[in-house]
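Undergrad: Here is how the chains run, residue by residue.
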Amino acid sequence: MALIMIRFTKYLSILAILVLPIFAHASSPYTDNFENYNAEGWTTAPAGATCNVLPDATTTSYSGSRGTVMGYHTSGPCAPFAAQVSFVHTGTDQVGSGDMEWRVKMVNIIPSAGVTLAFCNTGTGSGSCTTASTIGPGFTISSNNLGDENWHKVDILYSQTSLSTTTFKLYLDDTLYSTFDRAGTYTAHGVYAYSNGNAFNTGNNSFIYLDDLTDFGGGGSQGTVISTVTPYSYQVVGTSTSFGFGATGFVTPGDYRSGMQLHLHYTNGGFASTIAVGPAFADLQQQDSSGDFYFDITSPGYFSFSTTTPITTVGDYTMDTSIEKPLFSFFGFDFTIIKTTVTATTTFFTVATSTAFGTLRTSVIQDYQNFMGQASSTINTSVCNPISGNFSILPCMSILFVPQPTQIQSTVATLKAGILSKLPWGYATRLIVILSGQASTSLPVVTVNIQTSSSTATQLPYTFNPGEMIAGAAGVLDSTRDPVDNKNWRDVFGPYVQLLVALFVVIIIWHDVMAMGHSSHGPRDRTGKST
Amino acid sequence: MIIGAFLQIIVDIVAIILSWLPNVTTLPTIAGYDIDTALVTGVGYFNAFSTAVWPLAMVWQGFLVLMSYYSIKMLLKFFLGHRAPGRH
Numbered sequence: 001m002a003l004i005m006i007r008f009t010k011y012l013s014i015l016a017i018l019v020l021p022i023f024a025h026a027s028s029p030y031t032d033n034f035e036n037y038n039a040e041g042w043t044t045a046p047a048g049a050t051c052n053v054l055p056d057a058t059t060t061s062y063s064g065s066r067g068t069v070m071g072y073h074t075s076g077p078c079a080p081f082a083a084q085v086s087f088v089h090t091g092t093d094q095v096g097s098g099d100m101e102w103r104v105k106m107v108n109i110i111p112s113a114g115v116t117l118a119f120c121n122t123g124t125g126s127g128s129c130t131t132a133s134t135i136g137p138g139f140t141i142s143s144n145n146l147g148d149e150n151w152h153k154v155d156i157l158y159s160q161t162s163l164s165t166t167t168f169k170l171y172l173d174d175t176l177y178s179t180f181d182r183a184g185t186y187t188a189h190g191v192y193a194y195s196n197g198n199a200f201n202t203g204n205n206s207f208i209y210l211d212d213l214t215d216f217g218g219g220g221s222q223g224t225v226i227s228t229v230t231p232y233s234y235q236v237v238g239t240s241t242s243f244g245f246g247a248t249g250f251v252t253p254g255d256y257r258s259g260m261q262l263h264l265h266y267t268n269g270g271f272a273s274t275i276a277v278g279p280a281f282a283d284l285q286q287q288d289s290s291g292d293f294y295f296d297i298t299s300p301g302y303f304s305f306s307t308t309t310p311i312t313t314v315g316d317y318t319m320d321t322s323i324e325k326p327l328f329s330f331f332g333f334d335f336t337i338i339k340t341t342v343t344a345t346t347t348f349f350t351v352a353t354s355t356a357f358g359t360l361r362t363s364v365i366q367d368y369q370n371f372m373g374q375a376s377s378t379i380n381t382s383v384c385n386p387i388s389g390n391f392s393i394l395p396c397m398s399i400l401f402v403p404q405p406t407q408i409q410s411t412v413a414t415l416k417a418g419i420l421s422k423l424p425w426g427y428a429t430r431l432i433v434i435l436s437g438q439a440s441t442s443l444p445v446v447t448v449n450i451q452t453s454s455s456t457a458t459q460l461p462y463t464f465n466p467g468e469m470i471a472g473a474a475g476v477l478d479s480t481r482d483p484v485d486n487k488n489w490r491d492v493f494g495p496y497v498q499l500l501v502a503l504f505v506v507i508i509i510w511h512d513v514m515a516m517g518h519s520s521h522g523p524r525d526r527t528g529k530s531t
Numbered sequence: 001m002i003i004g005a006f007l008q009i010i011v012d013i014v015a016i017i018l019s020w021l022p023n024v025t026t027l028p029t030i031a032g033y034d035i036d037t038a039l040v041t042g043v044g045y046f047n048a049f050s051t052a053v054w055p056l057a058m059v060w061q062g063f064l065v066l067m068s069y070y071s072i073k074m075l076l077k078f079f080l081g082h083r084a085p086g087r088h
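Chains as they are written, first to last, in the numbering used here: chain A, 1 to 531; chain B, 1 to 88.
Just so you know, not all the hints are guaranteed correct.
With a cut-off of at most 30 Å between alpha-carbon atoms, the simulated DSBU-like pairs for lysine-lysine come out as follows [as the list claims (entries may be wrong)]:
| hint | chain 1 | residue 1 | chain 2 | residue 2 |
| --- | --- | --- | --- | --- |
| 1 | A | K416 | B | K77 |
| 2 | B | K77 | A | K339 |
| 3 | B | K77 | A | K422 |
| 4 | A | K339 | B | K73 |
Bear in mind the hints are in silico, worked out from the structure with no lab data behind them.
Whenever a hint applies, use it, and build me the whole structure from the sequences.
TA: Below, the structure is given as C-alpha cells:
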C-alpha cells in the first residue's frame, strides 16, 4: 500500500507540474488591449530566467487564452535562436468576411533590418511548413511607432475561405534574434496578437508574446548603443588577408543627426597580452599596425556594418569603436569636421599566426556547424520528442539511423574537398570531373578564302560553322516524326540504343566478375600449380 | 542521423590526416601544353557534337560507367593487394 501511495504521489506531482502552468496561464492578468502592454505587465517572466529557448513547434490552441511566452532571455548575449509558435485555427474561429487576421506587434524589432517574420500554412494537422512567406507578400506593415516604445505593428491577412481546421505557424527567424544577441542592456518585446476576425482590440483577441527582459531602465526605451563588435573583446584571431571588422548597434531618433558615422580604430599598441593563445596560434610578437574605418549611419534604428582588410601583423590590438556625429550645425549645414562622440567602447583582440592545428580546428568546427545546421533545418526532429504531439517512433528511428540526403551531400562534399582532391589521386578525380562534365563548348568556326573561277584576283571568304550544322541537323532529326505516334528518331530509337549500351556494359562487367579468381596463366591443378 | 554523423566523423578524420597534402585543382601543364584546358575544351566539343548525334552521349555514359568499375577495382587492388578479388 505504501508503495502504491508513493507512486500515486509521484504521478500526482507530475500531473501538478503539467497542469499548474495551465491554470497559471489561464489566470494571466493581460487584457485584450495590447497597445498598453507595458501597463499590463507584459514584462513578467519566470524568475531567474536567463537564456531560454522555446521548444520547436510549440502548438497552442487558442480559444480565448492569451499570454503565452514564446521565449525570453534576461541577460545577453544569448546565442541566436529561432522561436516559432503555431496557431491552430478551428472552423468556429472564423468570423467576418472569412479572412484570418493576425496582428503582430514587434517592439524594438525593425522588420527592414534583416528580420524575418515568416508565416506559413502547414495545412491540416501538424507537420512542417510547406509554404512560407516572409514579410512582404501577405504581410502589411500598417503602422510604425519609432517613439519611446519603438514598435512596429504588422497585420497579417490570410484568406481563409473554408472552415477546416488549419495550423499556422508564425515564427521569427534567426536573423531576428541577432538583434537580441547583444551584450548591451535594453528592453525588447515581440508581442503577437491573434485575432480571429477583422476586429482587433474588441475583446476577441488572443496574445502570444516574446519577451526579452533585460531592462536598462527608463520605461522600456532603448538608447543609442554599440551592441557588438567584431572581433569581440579578447578574441584571438588568426592572421588573414580578409580579416573581418564590424559592429552592430542602435541609434535613437533623438540622437541621430545627418553626418553621423560609426568609427572603428584599431592599433596594436598599449595592450599587454595576458591571453593564453593555446596550440591553435603561435608567433606572437609586437609590431606596429593600425587602421581606421568609417561607416555612414544614414538613418536612426539598428545598424550593422562590416568590412574586411588584410591583417598580417601579429600582436595585441586595441579597438576603439565609437558613434560620432557633427558637433553642431549652422543654418542647416552640418559641420562634419568637428565631431562629438555619442557613445564609444574599447575592446581588445589578439592577432596571431594560425598553426596547422588552428586551421584544422576552424575547418572542422565549420564542417560540423554546417552538418548540424543542415540537420536542424531539414529534419523534423520533433517526431523524436516524446512530450510533443508529433512523436512517432518509426519516423524517429528513420531519422536516427538512416542518413538523410542533405547530410550525405554534406559528407560527400567533405569527401571530395578533403580526400578525393588531394595529391596524387586528385589528378584522377580532376580527370573524372572533366570527363563527366556536362558543359558544352562551341565548336570552332573555320573561314577560308576561295578564289572564284571568274576572276583570279577575287577571293571570297567561306565560313564553315559546325555548330550551326549540328544545330540544323539536330533540328531536322528532332522535327522528323512518325505520323502515328508523333515520335522523332530519338524517341523511337533512343531506348534501344540505351538498352544496347547498358547490356554491353553489363556483359563486360559480368564477364570480368565471373573471371575473378581464375588464373590468367591457365588452369591450376589440385596442387595449386599452373599446368 | 547517427550513421550520417558517424560517416562524417570518419571522413573528417581521414581529411585531417590527409590535410597536409596539397589540393589538385587542375591537371598539370607539361612542356607548355595545358592538359586541363585541352581536356575541358575537348569534352566541351564532344558534348556539343553529342547534342545532335545523341547515340554518342549514351555510348560515352556507358564508357564512363565501365571506367568507374575499373577504377573501383584498381582501388581495391591498391588497398587489399593480393587479397583483392580478380585476376592476378
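Undergrad: Within a Cα-Cα threshold of 30 Å, do K339(A) and K73(B) meet the stated pairing?
TA: Not satisfied, since the Cα-Cα distance of roughly 73 Å exceeds 30 Å.
Undergrad: Straight-line Cα separation of K77(B) and K339(A) no greater than 30 Å?
TA: violated, 74 Å
Undergrad: Tell me if the straight-line CA distance from K77(B) to K422(A) falls inside 30 Å.
TA: Holds, because 20 Å separates the two Cα atoms, which is no more than 30 Å.
Undergrad: Take a quick look at whether K416(A) and K77(B) sit within 30 Å of each other, Cα to Cα.
TA: holds, 21 Å
Hint compliance for this structure: hints 2 and 4 are broken, all remaining hints hold.
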